[in-house]
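**Student:** Sequence:
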Amino acid sequence: MRVRLPGPGGGHGGVDVALTGPSAAVPGQEDPSDRRTGPAEPAGSSGAPPRAAGRAWFPALLATVAVGPLLRLVVLRHAVPSGTASRTGCDACGAPVGLTRPWPALGPAGRCGRCRARVGPPPGTVELAALAGLATVVLLALASLPGGALPALAWWLGWTIPAVFVDLAVHRLPDRLTLPAAAGTWLLLAVAALGDPEPGPWLRAVTAGAGLALLFAGSTLLLGRRGFGLGDAKLALSVGALLGWYGWPVLLLGLLLAFGLSALVSLGLLAARRARWSTHLPFGPFLLLGTVGALLLAA
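The numbers in full-length UniProt numbering rise by one with no breaks, and the one at position 158 of the sequence shown is 158.
Calculated directly from the structure, the hints in this document are not laboratory data.
Even for Gly, the Cβ is constructed at its ideal location relative to N, Cα and C.
Misleading hints may appear alongside valid ones.
[Unchecked claim] Quick list of simulated restraints, FRET-style, between CB atoms:
no., residue 1, residue 2, range
1, L297, P122, 40 to 50 Å
2, G83, F58, 41 to 51 Å
3, D196, R276, 44 to 54 Å
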């Protein structure tokens with residue numbers, strides 16, 4: 001607002017003086033003094049949760065459906081006592097089982113198409129384990145776990161999940177499953193190390209894998225059946241490498257989880273009188289759970 005002050009003697013030559021202060025806002029218009037300053041809110045930041053996780057689950061479900069029959073076939077072939085030929089069909093009626101005619105024997109129901117007897121692991125268990133493995137890889141990818149070892153983890157899960165079902169069935173870990181798991185894991189970790197200027201993770205993975213395998217094998221030589229089996233030692237080649245890649249604390253956490261779960265299950269079976277102190281439990285499932293649990297906690 002401007003006010004004209006009269007000059008000396010009330011004559012001409014007055015002076016215009018600007019008076020500052022809050023101006024009256026015209027109805028329907030914004031008061032300039034009420035305008036807020038600051039950085040504008042970025043577009044798309046409406047608070048809605050990211051949809052990346054939702055988009056990732058659908059391919060995981062499709063992959064589970066696709067890989068389920070193959071995993072069931074691997075378990076069916078190898079879940080036989082050591083020195084026995086691989087299983088090729090139904091134990092009850094001898095009907096052949098293969099990928100050319102996977103249903104229903106290699107489906108989630110796990111039933112022979114001829115005699116309806118159960119074939120392989122219990123219904124739905126392999127598929128549930130495969131889905132849990134894929135979910136682990138997806139969650140670690142969404143959590144941006146550093147290190148670039150997710151391809152190695154996916155490879156390891158693809159071989160270790162059927163190996164664990166074989167271990168549960170006949171208490172052995174076949175070389176045809178543990179050795180490819182170890183070789184592929186080490187190779188994929190080496191590929192991941194090519195993009196890292198620091199050789200620390202790769203050297204730590206090699207040291208942890210070899211050291212853990214030697215420790216398990218040494219217990220077999222010293223303690224016999226009271227120690228770990230050689231199958232556990234061969235599985236430890238890949239377990240130690242995966243956990244060691246992310247650091248010694250992660251390796252220690254994975255081993256603590258594996259041994260802790262084994263102790264809890266053993267005590268539960270003893271309390272339920274379903275096992276004795278001399279009962280030998282397969283350790284492969286606990287190595288799998290300990291590895292996955294440590295990686296999820298590290299993320």
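**Student:** Taking the hints in turn, state whether each one holds.
**Tutor:** A quick look at each hint next to the structure:
1. L297 x P122: 40 to 50 Å: Violated, at about 29 Å.
2. G83 x F58: 41 to 51 Å: holds, 44 Å
3. D196 x R276: 44 to 54 Å: holds, 49 Å
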